[in-house]
Amino acid sequence: MFPRILIVLAVLFLCGTPALAAEATGDPILVGGLFAQSGPAAFVGTPSRLVAEMTVNKINAAGGILGRPLKLIIHDTESNPDVALRLARQLVEAENVLAIIGPTSTGEGLAVKKYTEEKKVPTIMTVGGDPVIAGGNFGPFTWTFKTPQRTSTAVEKIYDHLKAKGVTSLAVMTAKDAFGQDGLNHLKNLAGKYGMEIMAEETFDPKGTDFSAQAFKLATASPKAVIIWTIGPAGAIAAKNFAALPGNKPLVVECHGQPGPEFLQLAGPAAEGVIMPATKLMAPDSLPAADPQAAVVKAFIADYDKEGIQAKFPLNTHSGYAYDALILLQAGLQKAGKADPAALRDALESLTGVVGVSGVFTITPEDHNGLTTDSMVMLEVKDGAYAVAK
Amino acid sequence: MVIQYLAQIVNSGLALGAVYGLMAIGFALIFNSSRLINFAQGELLLIGGLTLHSLTQALHLPPLAALAAAAIFGYLLGHALYASTLGVSINASPLRQLMLTVAASLCWQGVAIVVWGKNPVMLPQLLPLPPVRLGLVFLSQDTLTALVLALASVFFLSAFLSSTRTGRAIRAVSMNPVAARLQGIRPGQCHALSFALAGVLAAMAAMAVGPQTMLRYDMGLGLGLKGFVAATIGGYASVPRVFLGGVALGLAEAALVLLLSGELKETVTYILLIGLLVLAPGKQETAHPA
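These protein sequence lines map, in sequence, to chains A and B. Counting in this note's numbering, the first sequence runs from 1 upward without gaps. Counting in this note's numbering, the second sequence runs from 1 upward without gaps.
If we strip away everything but chain A, and leave its shape as in the complex, we get (with noise of 0.2 Å):
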């Protein structure tokens, strides 16, 4: 601790004296904020990183935490696991953040994590896949949280709307990535649990730009539906691959991905009938009143709007994320008391019922994500819009 104090001291002295907030006094709290503003991951990395700036500017507004400003120190990962870890060790080592927000995509959260693990640093990632909090393999999970839902909520989310709908013959068709390969897993093991049948499953290249051979295949196992399990614009082509065969079509399922403006644009009338599990950002006008999330995602809604956003980005189910890490981190902070590491850890640990966008968290030592099912809806596109599927 002592040569991170000195550190500190040699830092302010060098910059002077830090700028203060007008509402919040004293020393800032610094916050590492880590998002893939470039690469393949750019397009969920860019806009949260204006959902970061802006949700700080909320906070320091309404007086910072524990009465010091909140300070967010941004890096670029650019999609890439060896630079997001780079970067964490800079935030670590030179600029001693207390706790650090983000990476984007889960290979940069599995780098970062080891690292932070290590140096007992609190990081709130926004990463889709499990892994980075599933431990066993992967490792402890002590130090690390996550905002999405987990893959297996999203999967639960699915089989429990097929379900009802009595349907219960499936085929998969999975990306080759970690998010993809993710999903596979979780698709498999809970299929048992909710009477599914899993008749054929085939995988594809994300980067690719047909997968008709794919969906061909398995639509001759017959299933009644089909579950797509990618990131970006493979999910799109997946969809008008299964649209274009000919004969009876399988039901096609998107992942919780997926939901956002760019899919519709990019499957055009093939995303007619296509329904996917979605954060309830995408359904803002359908949520009861009495649901504890309606309030929070329509003023988040209309703040992204207001700082034009909404123009460059158009709200999609990842927009929320790291808005939801800073109010973790935010709750955390107030229920610790204190600026520190350790105490954070354990009050963020202990959440129970923090209201965010993405769902209602109440986190434990077994699980750092803290959603479940309730958290989400199902959607299905109708006439080029999403609508809550019934």
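Wrong hints could be hidden among the right ones.
What the hints assert, rightly or not - Below, a sample of chain A positions facing chain B; criterion: calculated Cβ distance under 7 Å: (1) ALA191; (2) THR209; (3) ASP210; (4) ALA213; (5) PHE216; (6) PRO233; (7) ASN248; (8) LEU266; (9) ALA270.
Don't read these hints as lab results, they were simulated from the structure. For every residue, glycine included, the Cβ atom is placed at its ideal position computed from N, Cα and C.
Since the structure of chain A is already known, use the hints to place chain B on it.
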């Protein structure tokens, strides 16, 4: 089951094969008239398709207007490519001409990134034809559109080359530039025209491939090389045969993807190219456009 598989191979093979065929004809046109391998062929398709996409965003294009717009823009693009490569290096060594087309390919890719970004762009189906089922064979909307576009292009191009004065001039230049010049034909004009025609064909190919696989800044080189392979299979000599070379390549690829795996597709395609180049040497030297 076997028949289903065959039907699927035919469906997806024809969809891509038609595109490869169009690219191959463009390749062969330029190669025959100027003995130049045009590495920017794929970028003609890319920029043509992306511009068409921007047009569809700005205004509603009925099918015929879209066709005309694509053809006109492809024509201009072909001329622009000629003016910036062969046009400025007509007396330079073939190697320098070749490098100019490589440079043009990379420059245009850069333009695509700057103007349209790195995310794929979905070109809407501008020529919506209904999917058809002929007995056991099923042709999806994209396949049928690609085929109709390609066959119409082949028909018009063949007619143009064989029965118009300008078309015959292009063929004369490809057979013997010196003799053609002695007959009062300007080879430069014919070179430019073959680039422009390749541009039109590429724009047609863009209309066919855009709704199938989307348009992305880095797709040009791959498609251009497929055109090269297809032209080699077809033997460079006659328009219909070069086109059939493309169709054969498309069907072979579809069969590979379905029966083996998608990963091996590129490897096997280029092994095929190596085999062809080794087994059929000299054929190109004696080839003449029909």
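The hints, checked one at a time:
1. ALA191: violated, 25 Å
2. THR209: holds, 4 Å
3. ASP210: Where the cut-off is 7 Å and the nearest Cβ of chain B is about 5 Å from ASP210 (chain A), the hint holds.
4. ALA213: holds, 4 Å
5. PHE216: Status holds, d = 5 Å.
6. PRO233: PRO233 (chain A) check passes; min Cβ-Cβ to chain B is 5 Å, inside 7 Å.
7. ASN248: violated, 13 Å
8. LEU266: For LEU266 (chain A), the interface hint holds, since the closest Cβ of chain B sits about 5 Å away, which is under 7 Å.
9. ALA270: Because about 10 Å separates ALA270 (chain A) from the closest Cβ in chain B, which is outside the 7 Å limit, the hint is violated.
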